[in-house]
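*Asks:* The task is simple: from the sequences and hints, build the whole structure.
Residue numbers for the sequence shown follow the working numbering, beginning at 86 and rising by one.
Simulated from the structure, these hints should not be mistaken for laboratory data. C-beta atoms are modelled at their ideal positions from N, C-alpha and C, and glycine is treated no differently. Mixed in with the good hints, there may be bad ones.
In silico DSSO-like cross-links for lysine-lysine, where the CA-CA straight-line distance does not exceed 27 Å [stated by the list, open to error]:
(1) Lys167 <-> Lys631
(2) Lys309 <-> Lys227
(3) Lys544 <-> Lys512
(4) Lys267 <-> Lys210
(5) Lys512 <-> Lys167
(6) Lys544 <-> Lys631
(7) Lys544 <-> Lys628
(8) Lys512 <-> Lys631
(9) Lys210 <-> Lys167
(10) Lys631 <-> Lys309
Cβ-Cβ distance ranges computed for the label pairs, FRET-style [stated by the list, open to error]:
(11) Ala240 <-> Arg208: 27 to 37 Å
(12) Pro288 <-> Arg595: 50 to 60 Å
(13) Asn602 <-> Arg237: 24 to 34 Å
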Amino acid sequence: MVCMSAASSTAAINTNEMTGADALVRMLQAQGVTHMFGLCGDTTLPFYDSLARLDHGITHILTRDERHAGYMADGYARVTGKPGVCEGPSGGGATYILPGVVEANESSIPILAITTDVATTSRGKYPLTELDQEALFRPLTKWNASLDQAERLPAMVRRAFRAMTTGTPGAVHLALPFNTQKAPVNPDEVWAEERHRAFPAEPRMGPDPDAVAAAIDAIAAAKKAVIVCGGGPVIAGAHDELAALARLFNLPIATTVSGQGAIAETDPLAVGVVGSNGASPFTRAVVDEADLVIFIGCRAGSVTTERWRSPNPGTPIIHIDSDPDVIGTNYATEVAIAADAKLTLAALVAECQRRDLSGDCDGTARAAAAWQGKLAAFAPLATSDETPIRPERVVQVLQNNLQEDAVIVADPGTPCPYFSAHYRWPKAGRHFITNRAHGALGYALAASMGAHVGRPEAKTVAVMGDGSFGFCCGEFETIVRHNMPITAIVFSNATYGWIKAGQDSGFGQRYYNVDFNRTDHAAVASAFGVRSWTVSDPRDLDKVLKQALAHDGPTLVDVISQPLHEAAAPVSEWVA
86 MVCMSAASST AAINTNEMTG ADALVRMLQA QGVTHMFGLC GDTTLPFYDS
136 LARLDHGITH ILTRDERHAG YMADGYARVT GKPGVCEGPS GGGATYILPG
186 VVEANESSIP ILAITTDVAT TSRGKYPLTE LDQEALFRPL TKWNASLDQA
236 ERLPAMVRRA FRAMTTGTPG AVHLALPFNT QKAPVNPDEV WAEERHRAFP
286 AEPRMGPDPD AVAAAIDAIA AAKKAVIVCG GGPVIAGAHD ELAALARLFN
336 LPIATTVSGQ GAIAETDPLA VGVVGSNGAS PFTRAVVDEA DLVIFIGCRA
386 GSVTTERWRS PNPGTPIIHI DSDPDVIGTN YATEVAIAAD AKLTLAALVA
436 ECQRRDLSGD CDGTARAAAA WQGKLAAFAP LATSDETPIR PERVVQVLQN
486 NLQEDAVIVA DPGTPCPYFS AHYRWPKAGR HFITNRAHGA LGYALAASMG
536 AHVGRPEAKT VAVMGDGSFG FCCGEFETIV RHNMPITAIV FSNATYGWIK
586 AGQDSGFGQR YYNVDFNRTD HAAVASAFGV RSWTVSDPRD LDKVLKQALA
636 HDGPTLVDVI SQPLHEAAAP VSEWVA
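*Replies:* Pasting the structure below:
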């Protein structure tokens, strides 16, 4: 437990005069918050005044809109293992911050969104920016409240951190009315529980021993089992336990896009990504030939299973997830384990050791065959001198030049399938970030900023399409203001490529309202103060990217690239 009081303030504030805004700052400090992302507004004035007066050690990064504050908190949480915090004012600020909140919540990433609000005494009198914030955020968060009573503020903040970090992590929201910010709070109530400073927080939910024994029975009987990891093992930090189980039975490990990082893709048991986004026929074959599929921290949704066609119907399933609602939603399960991935995998390994069990599911050979086929298809595109530049060439040049601890953040359009399929991650852990829950454009730049703040020692690269660039370019001012050495790469092809590819494959090439004029992205970024290049010749990529990656400030490389509807993109189907 961590206790704070107003006595630690550098300003002359009597402990009996702690306001709600002061108490919120002290609660965030006690919870271990060191960074916050957000944007000012009228209803935020008392909160900002407390941040200005008090000595708290929290760095507040002013963003250019609330949506990107949410994405920054998301990226920060993913690389640090600590909750991300974002804030914004009432009315438009509350609605703008929603995309970041729902993306984090559906991705099981804990962020706290604080939105200030009009005074409770003004409700129903048509004050400017009045909005029922609690109702607005209710369906989009794991937990949500309005701090209408100042004396309850510390307890509600503690509850928010507990909800965010325990069980399956998620996003929470606190509305902070103007009068609550100015009302008195008892300093003795301002304390926090240290275990909720990180996620997943203790106590974690352990597995049922009978289910563990049944799972080991099924694995031991299988000849071609495969593990499919979603984001759960990465969030739980279950890398070592996953590898230990896989080596006992020579099990191949495939991942979803969100699950990349569960195992290094250079590991002999790593298959790479499966599913309709980022997979290949060679990785799908590993799942389709399986006589047992073990889903771990994975929802087995439409993308992972190629619209529930892979694995084959009737394949026995073991499903492990911290959220019991996920298990059995799409597949009948032979063994269901509703528990933390790290504890479950450790229990499975311990059960094998107790029984002196091991086996051979031919995982190294099956994984090697998948990579051999995939790399053979990738190589000619990765070395192609054709123009417009092939996205595969960009992936290969980055693979050749980035350190193994680099973080790449990709928007969901053109970049996501190429990087999830072809960039071979050399280390386990969170090194690839993309928004797989709702896939909003404009995510990568802001999330890369949060990732850089959380892991400043690693090189961070934001990869986006030109459609995404239009959603987020205002945040280049924020990057320059803080001199963040992030390299942004724009795939410039003057179209909303994913939708145009769908029109190409499923709607008779009737292209409608998907094309736009080409923007000189390098010129726009330069106007903000970003050092920028435009590359149209693939033979210049290596030289330019080396310069961009080595620069000690923000950089952007505008790549004139092949559009998706003309490409050999690693997407097995387009929406028809």
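*Asks:* Confirm or reject each hint.
*Replies:* Verification of the hints:
no., hint, in the structure
1, Lys167 <-> Lys631, "violated (32 Å)"
2, Lys309 <-> Lys227, "violated (38 Å)"
3, Lys544 <-> Lys512, "holds (14 Å)"
4, Lys267 <-> Lys210, "holds (20 Å)"
5, Lys512 <-> Lys167, "holds (21 Å)"
6, Lys544 <-> Lys631, "holds (12 Å)"
7, Lys544 <-> Lys628, "holds (18 Å)"
8, Lys512 <-> Lys631, "holds (22 Å)"
9, Lys210 <-> Lys167, "violated (40 Å)"
10, Lys631 <-> Lys309, "violated (43 Å)"
11, Ala240 <-> Arg208: 27 to 37 Å, "violated (22 Å)"
12, Pro288 <-> Arg595: 50 to 60 Å, "holds (56 Å)"
13, Asn602 <-> Arg237: 24 to 34 Å, "violated (53 Å)"
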